[in-house]
Amino acid sequence: MHKAYDTYDDFEIPPRSPHLALLGDIGCVKKDEEKYIAFLRRQLANFRVVFLVLGNHEPYYSTWEHSKQIMFRFEKQIRQERETNTEIGEFVFLDKRRYDFDDNGTTLSILGCTLCSKVPLESIDDVSYSLNDFYHIENWTVEQHNAEHERDLEWLNSQVEELEDSGRNVIIFTHHSPTRDERSVEAQHRQSKRISGFCTNLSDQKCWRSSDVVLWAFGHTHYNCSYEDEETNKRIYTNQKGYLGGSEGFDVNRVISL
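Heads up, the sequence shown is in my numbering, so the first residue is 139 and it goes up one at a time.
Hints were generated in silico from the structure; no laboratory data involved.
Watch out, some of these pointers could steer you wrong.
[As the list claims (entries may be wrong)] Below, in silico cross-link-like pairs of lysine to any residue (SDA-like), each with a Cα-Cα straight-line distance of 25 Å or less: (1) Lys344 <-> Phe231; (2) Lys214 <-> Arg180; (3) Lys173 <-> Asp389; (4) Lys331 <-> Ser266; (5) Lys206 <-> Asn184; (6) Lys206 <-> Ala183; (7) Lys234 <-> Asn377; (8) Lys331 <-> Tyr375; (9) Lys173 <-> Glu276; (10) Lys168 <-> Ile208; (11) Lys256 <-> Tyr267; (12) Lys234 <-> Ser296; (13) Lys234 <-> Arg179; (14) Lys331 <-> Ala285; (15) Lys234 <-> Thr244; (16) Lys169 <-> Tyr381; (17) Lys168 <-> Tyr273; (18) Lys206 <-> Tyr237; (19) Lys256 <-> Glu369; (20) Lys173 <-> Phe231; (21) Lys234 <-> Tyr199; (22) Lys344 <-> Asn371; (23) Lys173 <-> Val390; (24) Lys169 <-> Phe231; (25) Lys169 <-> Pro156; (26) Lys169 <-> Ser266; (27) Lys234 <-> Ile394; (28) Lys234 <-> Arg347; (29) Lys168 <-> Val323; (30) Lys173 <-> Arg217; (31) Lys168 <-> Gln218; (32) Lys214 <-> Asp241; (33) Lys168 <-> Arg211; (34) Lys168 <-> Ser266; (35) Lys169 <-> Thr244; (36) Lys173 <-> Phe149; (37) Lys214 <-> Lys256; (38) Lys344 <-> Ile394.
Using the sequences provided together with the hints, build the complete structure.
Now the structure itself:
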């Protein structure tokens, strides 16, 4: 949502559903920690469960590890507060994490991670020189970005394989996009030399091809879409606010029903 380019306290998300998924780029965790945490607390007052995936903006002016530690610490704090105050929602930090729903006959597993994109050798210069990630995230290189992609992808594939034949539907939440499908990429960027910094074609991967995965939602692209992948019958979905001007198609009231 890029609250770092806005104010954290003037954006309201109406609780149209008991569950809220924030898929990254809420802001800069170190630079605006107090405002960032306050924003999350406001959501926890309105939603039963709030899921968070870190985007590439969260570790700006810091490191990935530092940003993750702040979120883990906040998650622990909320867990402790909920022991005496049941009005606070559950906070779930999705960092290569699985969350299971088993309620009223619903058996659903949520898998979440950042899933950095895969930047091929021929695009390294274009991506590294043009994306702020490699200037504003401390000690972060394209090589590390690619290595993190491989770790997240391996985890997703292993989790989907583990859930196979379990009868559970699977939802995947990531920040970066798992597809190069033209319906998910704004027309002016489809031939961009920087596109691999935003999305990766995972069509040959277990986590994409599995019929157990019914929804894959992501952010990062500043382009909103909602369609069904014909080969796997899963829904591909984004609902991104973007910068101050907003992204076309964003709807703060939108709810996904499965």
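Against the structure, the hints:
no., hint, verdict
1, Lys344 <-> Phe231, "24 Å, holds"
2, Lys214 <-> Arg180, "17 Å, holds"
3, Lys173 <-> Asp389, "23 Å, holds"
4, Lys331 <-> Ser266, "11 Å, holds"
5, Lys206 <-> Asn184, "24 Å, holds"
6, Lys206 <-> Ala183, "22 Å, holds"
7, Lys234 <-> Asn377, "22 Å, holds"
8, Lys331 <-> Tyr375, "24 Å, holds"
9, Lys173 <-> Glu276, "21 Å, holds"
10, Lys168 <-> Ile208, "8 Å, holds"
11, Lys256 <-> Tyr267, "16 Å, holds"
12, Lys234 <-> Ser296, "11 Å, holds"
13, Lys234 <-> Arg179, "22 Å, holds"
14, Lys331 <-> Ala285, "20 Å, holds"
15, Lys234 <-> Thr244, "22 Å, holds"
16, Lys169 <-> Tyr381, "18 Å, holds"
17, Lys168 <-> Tyr273, "16 Å, holds"
18, Lys206 <-> Tyr237, "18 Å, holds"
19, Lys256 <-> Glu369, "23 Å, holds"
20, Lys173 <-> Phe231, "18 Å, holds"
21, Lys234 <-> Tyr199, "23 Å, holds"
22, Lys344 <-> Asn371, "14 Å, holds"
23, Lys173 <-> Val390, "20 Å, holds"
24, Lys169 <-> Phe231, "19 Å, holds"
25, Lys169 <-> Pro156, "30 Å, violated"
26, Lys169 <-> Ser266, "23 Å, holds"
27, Lys234 <-> Ile394, "22 Å, holds"
28, Lys234 <-> Arg347, "19 Å, holds"
29, Lys168 <-> Val323, "30 Å, violated"
30, Lys173 <-> Arg217, "20 Å, holds"
31, Lys168 <-> Gln218, "23 Å, holds"
32, Lys214 <-> Asp241, "24 Å, holds"
33, Lys168 <-> Arg211, "13 Å, holds"
34, Lys168 <-> Ser266, "23 Å, holds"
35, Lys169 <-> Thr244, "40 Å, violated"
36, Lys173 <-> Phe149, "12 Å, holds"
37, Lys214 <-> Lys256, "32 Å, violated"
38, Lys344 <-> Ile394, "24 Å, holds"
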